[in-house]
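All chains should be modelled from the sequences, with the hints used to inform the complete structure.
Which chain is which? The protein sequence lines are A and B, in order. Count the first sequence with this note's numbering and you get residues 1 to 582, in order. Count the second sequence with this note's numbering and you get residues 1 to 668, in order.
Because the hints were derived from the structure by calculation, they are not lab data. Just to be clear, a hint being listed does not mean it is correct.
Stated by the list, open to error - For lysine-lysine, the following BS3-like pairs were computed, each having C-alpha atoms within a straight-line distance of at most 27 Å:
| id | chain 1 | residue 1 | chain 2 | residue 2 |
| --- | --- | --- | --- | --- |
| 1 | B | Lys312 | A | Lys304 |
| 2 | B | Lys77 | B | Lys362 |
| 3 | A | Lys281 | B | Lys237 |
| 4 | A | Lys465 | A | Lys506 |
Unchecked claim - Take a look, some chain A residues computed to stay more than 10 Å from chain B by CB distance:
| id | residue |
| --- | --- |
| 5 | Leu55 |
| 6 | Arg167 |
| 7 | Glu217 |
| 8 | Trp218 |
| 9 | Asn235 |
| 10 | Ile327 |
| 11 | Val466 |
| 12 | Arg484 |
| 13 | Val523 |
| 14 | Lys559 |
Note that beta-carbon positions come from the ideal geometry of N, C-alpha and C, so glycine has one too.
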Amino acid sequence: MKLSNYKILLSVILVLTLITGSVTAGKVNLTFDHFYDGPAVTKALKDLNKAYPNLTTLKSLGQSEEGRDIWCLTINNPKTGEDTDKPGIYVDGAIHGNEIQASEVCLYLACYLLDNYNELLTITDLVDSRAFYIIPTVNVDNRSRFFEVATGYNIGRSAMVPYDDDRDGLFDEDDYDDLDGDGEILTMRIADPFGNYKTHPDDPRVMVRVKEGEQGEWTRLGREGIDNDGDGQINEDTPGYLDMNRNWGFKWQPPYVQGGAGDFPMSSKPVKAVSDFIITKPNIVFNFAFHNSGGLIVRGPGSKLAGRYSQRDVKVYDFLGKEGEKIIPGYEYIIGGQDMYTTHGDFDEWMFSNNGIFGFVGELFMSEQEQYRPPKDDKKVDTEEDHSYYGGTSAEERQKFNDFVTQGAMFKEWTKFIHPYFGEIEIGGWRKFTTRIPPLFMLPEMVHRNSALVLMAARHAPDIKVELIEVTNLGNDLRRVRVRLINPNAIPSLSNQAISKNIIRKDMVTISGSGFEIVSGGVLQDIHYDQVSYVEYRPQMVFTSVPSFGTREIQWIIKGKGKAKIEYNSIKAKNQTLSIDL
Amino acid sequence: MRRFTPLLALIIIAIVVFSTVSANQSQYPFITPEKIKGVLDRIVKESGGKANLTELAVTPGQRSLYLLEIGKKESGKPAIMVVANMEGNSPTATEAALKLANKLVGDWKGEDEDHIWYILPLGNPDGYARFFNVPSQALMVNDKPFNDDNDDAIDEDGAEDLNGDGFITKMRQLHPEGTMIVVEENPLLMKKAEAGKGEVGKYRLFPEGIDNDGDGEINEDGFGGVNPGLNFPHNFKHFTKTAGRWAASEVESRAIMRFAYDHPEIAMAITFGRTNTLKAVPESSRRSQASQSTYKLPRWMARQAGVDKDTKLPLSEIVVLGRELFDYPDLTEEQVLQYLDAGAAVNPSKKDLPYWKEISEKYNEFIKEAELVEKRLDPKSSRDGSFEEWAYYQFGIPSFAVDFWTIPEPEEEKSKDDSGLSIDSVEKMSNDEFIALGEEKIAKFLKDSGSPSQYTAAMVIQGLEGGMMDTKRMAKMMRKNKKKDEGSGADETEEALFALNPDAFVAWQPFDHPTLGKVEIGGMVPYSTVSPPTEAIDSLLESQLPFMKELAGMLPKIVIDRVDIKRLASDIWKVEVWVVNNGFLPFPTHQGQKCQRPSPAVATISVDLKNILDGKKRTVLKLLEGSGGYSKAEWMIRAPKGSKIKIDSHSFSAGIDQREVILEGGSR
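Written as structure tokens, this is what we have:
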């Protein structure tokens with residue numbers, strides 16, 4: 001008894017020391033020499049929240065199918081206003097559970113913003129003038145499982161919603177199996193003179209497709225597993241499949257049109273939780289959703305069904321996308337549905353088409369970065385199947401990179417195994433933290449450059465300035481007041497999508513005061529030619545928006561004089577007031 | 001309160017002054033959303049344990065969405081889901097659902113032990129609550145606040161009963177911008193002026209009310225938001241006024257779909273509302289990618305298959321190509337359509353249509369026998385984003401909608417020619433009978449009935465022979481043409497309503513409007529087209545509800561029909577099983593096969609995996625057509641002579657069956 005009480009006391013003291021330790025440190029300095037598993041992501045967020053209680057709030061948006069919390073860290077300086085009064089930047093990661101490094105980008109971004117507040121002028125400005133909503137992990141279930149169960153780099157994309165993949169009336173009954181017990185699901189192959197593959201002449205680990213008429217050596221048997229349900233197929237009904245990035249509401253299509261769509265829009269719990277949250281933050285102007293891989297900065301539309309984006313909005317996308325290409329060398333700015341493949345019901349489409357918010361998907365990491373070649377040799381070869389993941393680096397070259405840069409950590413040698421069904425086979429291949437995921441030494445640069453991309457876009461959130469152009473006496477006690485709204489940044493105060501589909505209230509510019517009455521008001525179409533589109537009713541209140549890198553001029557004609565207050569009120573940008581003397 | 005403060009006084013006055021019963025809220029004691037719980041509780045109490053009540057959700061207006069469950073649950077027992085009044089504008093539908101529930105636990109007690117009934121008597125309680133409001137205004141939306149006009153305030157500009165008659169009708173104002181004119185034959189009605197006919201537009205129309213927020217718009221942002229009856233994901237329409245921002249955005253639609261997906265025993269959906277797919281089978285006339293006959297291959301597939309990327313191929317050929325390309329012999333047309341990104345189905349499957357047509361004929365006979373012979377206006381077709389469309393197109397089950405009543409068609413003068421042919425009599429003829437009249441008579445009939453001259457008799461005969469046309473569709477087209485030509489130009493429904501009940505229109509009376517100046521207020525009373533005359537309601541329901549039992553009786557019923565045993569070698573046997581569908585409807589529907597719902601029927605053999613030499617222990621049964629359609633399962637097994645084996649057939653919603661056989665020489 002005594003001993004155990006002592007132990008408890010000791011551990012309490014220990015925990016207290018740890019907590020106070022992390023709080024008093026001031027800086028959290030998250031390190032990126034490792035990947036954060038599920039609990040570690042939560043702990044990092046709690047640490048950040050504890051270290052910066054004045055700048056952050058940490059909130060669980062809801063629970064996943066398996067009961068894990070979906071955390072959102074809001075970074076906002078309340079001294080400069082409520083979060084919803086400022087342009088909001090939304091960033092999330094790992095809506096696909098196996099695309100793990102997306103969470104690290106989010107953690108790095110959060111930590112960088114906080115640790116550099118009052119250190120770097122740019123960061124201080126950004127934190128003071130914007131609100132950041134950061135959800136490091138949307139698919140909390142499968143990202144956690146990536147660290148906890150035997151798996152592979154391509155496994156665990158789905159939400160944990162049971163699905164009868166093979167249409168046999170049973171759900172999730174034939175998962176992968178870690179046959180050799182190494183904690184990873186790798187590839188199986190069997191010696192087969194009639195197989196489609198042979199050993200690469202230069203590297204016995206690499207298989208290449210045989211040419212027509214050529215003798216084969218191997219048949220690929222897919223990923224590690226057995227026929228759990230005795231239906232003659234292997235791994236044909238694994239856990240899931242609901243792809244959370246096909247479960248959103250804009251032009252959602254059912255599973256027979258879009259695989260993984262789920263039962264209906266927002267049927268998965270994390271998607272519902274996140275969408276409910278986003279609806280409460282109409283100030284969001286821009287979103288970034290991180291995935292892997294391919295080194296891409298992707299915008300919509302994802303499908304023909306989603307329709308075209310207007311040229312005014314495309315110009316904004318193009319500006320941000322092309323700046324992004326400069327920040328991350330090698331990454332390409334593309335249009336999802338046109339340059340990649342059709343997607344229905346994805347997050348970005350919902351954000352833009354349904355909510356009028358600009359946004360990108362960031363496909364983190366590209367295996368072109370795993371090079372082993374003399375400088376300036378741009379050869380690009382695809383040899384292995386799944387070539388999209390291997391990009392421009394051939395399998396032999398990757399093996400060299402594996403041998404001499406990562407000291408063999410990436411590939412598991414082919415090893416004999418007696419399979420209950422196939423007999424003697426070999427198991428081996430690229431290990432789980434590879435292929436879509438960078439080697440650890442590349443992680444710090446990846447998280448930094450991608451955070452820099454978000455910060456660039458954040459700087460381009462609308463900062464609207466209001467200035468007085470003139471007060472002109474027209475005689476008969478009439479005065480003409482002209483003001484100008486200026487947006488020096490790329491993101492307009494409202495997207496054209498939001499305006500044309502009447503999604504968000506337009507910016508309101510009002511004039512008030514005593515001693516005068518407002519005769520008319522409106523937006524100046526052309527200040528040089530005096531073209532005004534008059535507001536017929538309530539001329540004191542003009543509804544408008546401020547374009548990308550542009551201005552908007554507003555004119556009132558008033559009768560009388562006195563002190564007037566001009567207020568600019570926007571859902572997205574920060575409100576402004578201007579006092580003038582007439 | 002917050003929303004209506006400026007109007008409160010007006011409303012109170014309206015309620016006090018006009019406590020007389022209005023034309024739409026007739027004497028029939030419709031059950032209000034507030035009283036429905038009591039009615040349902042009583043049904044549960046009187047059912048003697050047969051019925052249960054569940055609350056599926058709570059609406060934005062804090063009203064409950066109730067679901068009544070009737071019948072004992074058993075494995076394989078099918079359930080019928082009845083959803084009523086999803087749009088909140090169909091009082092008869094809610095009454096029908098409650099009456100049906102009452103009958104199932106009362107009059108019909110013990111008659112139907114083969115089905116479970118899930119009855120949702122009121123799918124849109126918030127919207128339906130407005131039906132009882134005074135002044136009455138046809139708003140079928142729930143109470144979710146919605147900034148319709150995206151200005152600085154929410155729900156700030158609703159309607160007002162300016163003339164205090166208890167109805168929100170219309171205001172008309174003489175104005176150069178006006179596009180409407182008074183119908184000559186009936187000054188209560190208005191129609192759009194047709195410039196091509198020399199008609200000059202005179203009136204602008206507005207809903208009755210004032211510009212509360214001074215923005216120049218009248219009633220542009222009234223109370224509430226979304227019509228959950230338009231919020232289901234099949235053919236959902238974005239950016240409309242009341243369907244919601246996206247499909248499944250509302251608690252009502254989400255709760256109903258969640259319930260359905262959680263209950264795989266649901267085999268059929270019946271919607272009580274404003275549409276009727278029994279009276280007339282939905283036409284398959286929408287254009288869609290999914291019904292194209294030839295397709296271009298996606299680039300990557302064309303490259304791999306060595307086909308030119310611009311060549312269009314028929315689906316059947318792409319399936320063959322795909323099977324080779326993916327080395328996957330089971331590749332189906334449905335899977336290929338997914339690759340081709342052909343989009344969702346928008347027309348009923350051609351292979352399901354014969355079933356729907358037969359059911360429709362049965363229904364029409366049924367109502368004829370019930371002496372509901374009055375000729376009525378065509379029912380409205382199913383709306384985009386409706387429950388009944390979702391149930392068929394995405395949930396994959398047979399889905400029917402019944403409206404119980406539409407306005408009677410006004411008597412039309414019979415145009416008869418010398419040969420005694422009228423559109424009505426032609427409609428009743430078969431194609432062959434009509435063709436047999438001969439070209440001369442047909443030509444005369446076409447001329448007399450005012451058909452456009454380009455429709456020659458020869459052309460019509462050709463169309464009928466080729467199956468592109470039938471007498472019924474022809475009659476419908478001719479009526480439409482005739483109405484266009486000869487009619488007053490007024491709205492068909494309004495004219496018919498006037499013929500039925502002239503009181504459903506408020507005569508136009510001058511009113512001095514605060515911002516518009518001189519206007520007149522009048523027009524159709526809200527909700528006056530939605531429910532039958534009071535005295536007819538009971539008999540309409542009594543006579544049509546029994547057909548729901550008939551529908552239930554048409555569900556697929558899967559049984560093991562025949563088991564053949566052949567001895568191939570000493571301990572080696574071939575087992576062949578024919579599983580047969582004894583119901584009328586197929587399992588699943590052909591659309592269900594396409595959308596991979598519901599869960600398939602499976603035949604299982606009680607033999608260890610290692611002793612099954614060929615065949616799958618659990619064999620998924622392919623689609624079983626109705627009326628005796630079959631699917632076959634076969635196995636080669638190893639077992640000693642005289643062993644007993646069990647064959648099971650299982651489905652969640654079309655029955656389960658079991659057969660025991662002893663392995664003996666010969667067959668059977």
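Verification of the supplied hints:
Our distance criterion of 27 Å between C-alpha atoms is met by B/Lys312 and A/Lys304, whose separation comes to about 19 Å. At roughly 25 Å between alpha-carbon atoms, B/Lys77 and B/Lys362 fall within 27 Å of each other, so this suggested pair holds. With a C-alpha separation of about 24 Å, the suggested pair A/Lys281 and B/Lys237 falls inside the 27 Å cut-off, and the hint holds. Distance hint between A/Lys465 and A/Lys506 is fulfilled; the C-alpha atoms sit about 16 Å from each other, no more than 27 Å.
Against the 10 Å criterion, A/Leu55 stays outside the reach of chain B, whose nearest CB is about 31 Å from its own CB. At roughly 6 Å, the least C-beta separation between A/Arg167 and chain B is not larger than 10 Å, which violates its mark as non-interface. Every Cβ of chain B is farther than 10 Å from the Cβ of A/Glu217; the closest lies at roughly 19 Å, confirming the non-interface assignment. With a least CB separation of 16 Å from chain B, A/Trp218 remains clear of the 10 Å interface cut-off, as annotated.
Consistency note on A/Asn235: stated as away from chain B, and its beta-carbon is indeed over 10 Å from all of that chain's, at 15 Å minimum. Even its closest Cβ contact with chain B, about 31 Å, leaves A/Ile327 beyond 10 Å, as expected for a residue assigned away from the interface. No Cβ of chain B comes within 10 Å of the Cβ of A/Val466; the nearest lies about 18 Å off, and the non-interface call holds. Listed as outside the interface, A/Arg484 is consistent with that label: its C-beta sits roughly 22 Å from the nearest C-beta of chain B, beyond the 10 Å cut-off.
At the 10 Å boundary, the C-beta of A/Val523 stays outside the reach of chain B, the nearest C-beta of that chain being 16 Å off. Look at A/Lys559: its CB is around 19 Å from the nearest CB on chain B, clear of 10 Å, so calling it non-interface holds up.
When each numbered hint is compared with the structure, a violation occurs for hint 6 only.
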